[in-house]
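Starting from the known structure of chain A, arrange chain B on it as the hints suggest.
Just so you know, the sequences run in chain order A and B. For the first sequence, position 387 matches number 386 in numbering that gives the first Met the number 0, and the numbering has no gaps at all. For the second sequence, position 350 matches number 349 in numbering that gives the first Met the number 0, and the numbering has no gaps at all.
It cannot be assumed that every hint is accurate.
Heads up, the list lumps identical chains together, so a pair's fine if it works in one copy or across two of them.
[Unchecked claim] The calculated lysine-lysine pairs, modelled on BS3-like cross-linking and capped at a C-alpha distance of 30 Å, are:
#1 K106 - K393
#2 K393 - K108
#3 K393 - K289
I should point out that these hints are in silico values taken from the structure, not numbers from a laboratory.
Residues per chain are reported as follows:
Protein chains: 2
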Amino acid sequence: MERIRTSEISSHVGTRIRVAGWLHSFRRLGGITFLVVRDGWGIMQAVAESEAEIAPLLAAEAGLESIIVIEGQVIGTAQAPGGCELHDLSIEILSPISEVPPIMLNKTKLNAQPATLLDHAPVANRHPQRRAIFRLSAGIIAAYRRILTERNFTEIQTPKIVAAATESGANVFQLDYFGRPAYLAQSPQFYKQIMVGVFERVFEVGHVFRAEPHDTTRHLNEYISLDAEFGFIDNHTTVMALLRDVIGFILNSLSENYSPELELLHTRIPTMPAEVPSIHFADAQELILKLHQVDVRGEPDLSPQDERWLGAWAQQEFQSDFLFVTGYPMRKRPFYTHPDPQCPEYSNSFDLLFRGTELVTGGQRLHLHQDYIVTLERAHLPIAAFDYYLEAFKYGMPPHGGFAIGLERLLMQLLGIQNVKLTATFPRDLNRLVP
Amino acid sequence: MERIRTSEISSHVGTRIRVAGWLHSFRRLGGITFLVVRDGWGIMQAVAESEAEIAPLLAAEAGLESIIVIEGQVIGTAQAPGGCELHDLSIEILSPISEVPPIMLNKTKLNAQPATLLDHAPVANRHPQRRAIFRLSAGIIAAYRRILTERNFTEIQTPKIVAAATESGANVFQLDYFGRPAYLAQSPQFYKQIMVGVFERVFEVGHVFRAEPHDTTRHLNEYISLDAEFGFIDNHTTVMALLRDVIGFILNSLSENYSPELELLHTRIPTMPAEVPSIHFADAQELILKLHQVDVRGEPDLSPQDERWLGAWAQQEFQSDFLFVTGYPMRKRPFYTHPDPQCPEYSNSFDLLFRGTELVTGGQRLHLHQDYIVTLERAHLPIAAFDYYLEAFKYGMPPHGGFAIGLERLLMQLLGIQNVKLTATFPRDLNRLVP
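Same shape as in the complex, but just chain A:
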């Protein structure tokens, strides 16, 4: 008999079917035993009305998380989760488990400390709420790929072992590359720009590595970056328009295709306004002075408090969870940032704030070889180390720009999760290399 997934049971009412999975819960009430089976897609209840039916479980001393196969008759019933359950059971045990799992997997709400969840991730990740987070993560990536592929972007894979730090010398992991030092890529920035010279429009979903020595709820030392970069833009506003569509598509896609997961997590996905409000960095500082009597003019960046104020303003003024801040001062942006031609101390860059916290950074990049030479010299950076990168510009690059979305941070903010580590299956932090 072919195996049926628990998520498909409701279309088999009245027939005898076969399910397989983990023994999710087991309760005896008088002469009746309620079993719940969990498979890769969901859970379903099975009801044994005789001792004979559950005899194989008892004989094998098979406890929770045992791998079992159950055949039974599908009965529609309003009381059962999902509206139906199995009766007249025939049970087979594939892997009996006797030890009690370190995490209670069959409580609707996952009740454990973050450290416990992370230490026991191989088991904790089986909890329906953990699975929901990771399915949403896969959903974000799938939607990201779909919209960019539709927009004629080509997916690329860039090297993760690199000869030099990407953006600065700090916070990179060093490795031994056949006796020479090498580094783990902090970002695909240089390579995605080079690949604009090849395909014009490229994106990457890949690991990036940051050796930041901070153990906080906001830091991961390895995470997934959703990068995009494309040519023949007017300026950073072309990039912002794409980003708006990309985030909007992701949000819609989650709302439409992941209702069960969102229900399990008691979350609603926000919507993206057709027009995202936007404010220039300098105007944002003026606004903060006006609204809060705090003078941050002259500061080269926004503080978390500034961002919260701006987020509240966007909410109140435009009923928008999202706000673009544009034109960050050049001195706080990386060397490849394109200046604002009208006002070169400001840049053609932006941050996208979500509910008062930075979600995505992006902008226009320099595209003329000579501009790179001047900028690198001014920054006292060693031009020779950038030779391979500069070769792309030496032989023709269009005006271009892009952005990078941190997958885990996006999940954290969308789902209101307090600790970014809980958005990854097996996070890496200052003290955690296993599991």
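Chain B in isolation, oriented as in the chain A frame:
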């Protein structure tokens, strides 16, 4: 005027349009100038019949690879590549280029040594033949994801920084993780198995790192692995059936959707037989004795010559480019390999040969906790180092198995490319960390 991609020109005959891209070639014949523009999707010809039309190019001394924008009238003509060309040109230069590129990008056939192509990858990758290879690479990944998603597999991302070598202590890159040693993942094997405990069916498209100190045409130190792993299998034959469908789907998808790329590379994609022939390892050794009078019985593995003989046999006997060899001896397979229950010195594993060369390895894994303990002890491996991995088995794992496809090797073999490094955009080898 909105920009049109070169690949879309033929639907605009008779109208005035705008294209933008790289100046791919420039030839003056008498009073007429033929320009070819290359954009991210293809090339198109533009014809200037007056000096005035090309005056901006001459004034800027804009050579090949300059970034230009051309407006013109689309004229249908059999002689032009793609069947149409632009006339009555108005040309604008975005980035003039004066230096001659180190690679001739406008010759149909790419004529350069591999070392030159790799040293100058930022420019060489722009050649239409190089682009075709990378588009096919993206096409393989997209098809891989599509078929597995349709089969209810969930995409995962597993850690690339790990506490210990995955399969053995050899050939791993070591890095400094905040003062402690850590390693780059050789494969997602352990994590994908753990995640079978979560989602049952998982796949990953990700970087793997191998510190093999060989500089050959077959080695890459960083490559993309297409991994899959799934539970509730009967044995390795369930895995083989999936692999057949996956490779078959990839091949069909390339044939159907990538004709221009395949034409540029003068390649035809093979087809996957409905039934892939299969031979047991022991029978393969007997066959080699019978056909070639060479006695390799007792050898623990097949040599490249053995594989070529078997490939020729599959071709002759079954007209198949593909052949499964099953049941490799346990002593040459990794510790998590499931033995053949009938004959425990052989394994429930397989290799898929393509035209006499190994293409994919896979098989069934152990799934009982106790079997892992016994196997690790027998192999004198430190059980404590595997604690996090063993936790998955301690709390219930179904019979499962999977495979790993090396993306670059698959491309190399499908396209008949002699050097695997030429299938990657920016390959890493013993001596190459840039570009």
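Going through the hints against the structure:
no.: 1; hint: K106 - K393; verdict: between (60 Å within a copy, 20 Å between copies)
no.: 2; hint: K393 - K108; verdict: between (57 Å within a copy, 23 Å between copies)
no.: 3; hint: K393 - K289; verdict: neither (46 Å within a copy, 61 Å between copies)
Checked against the numbered hints given earlier, this structure breaks only hint 3.
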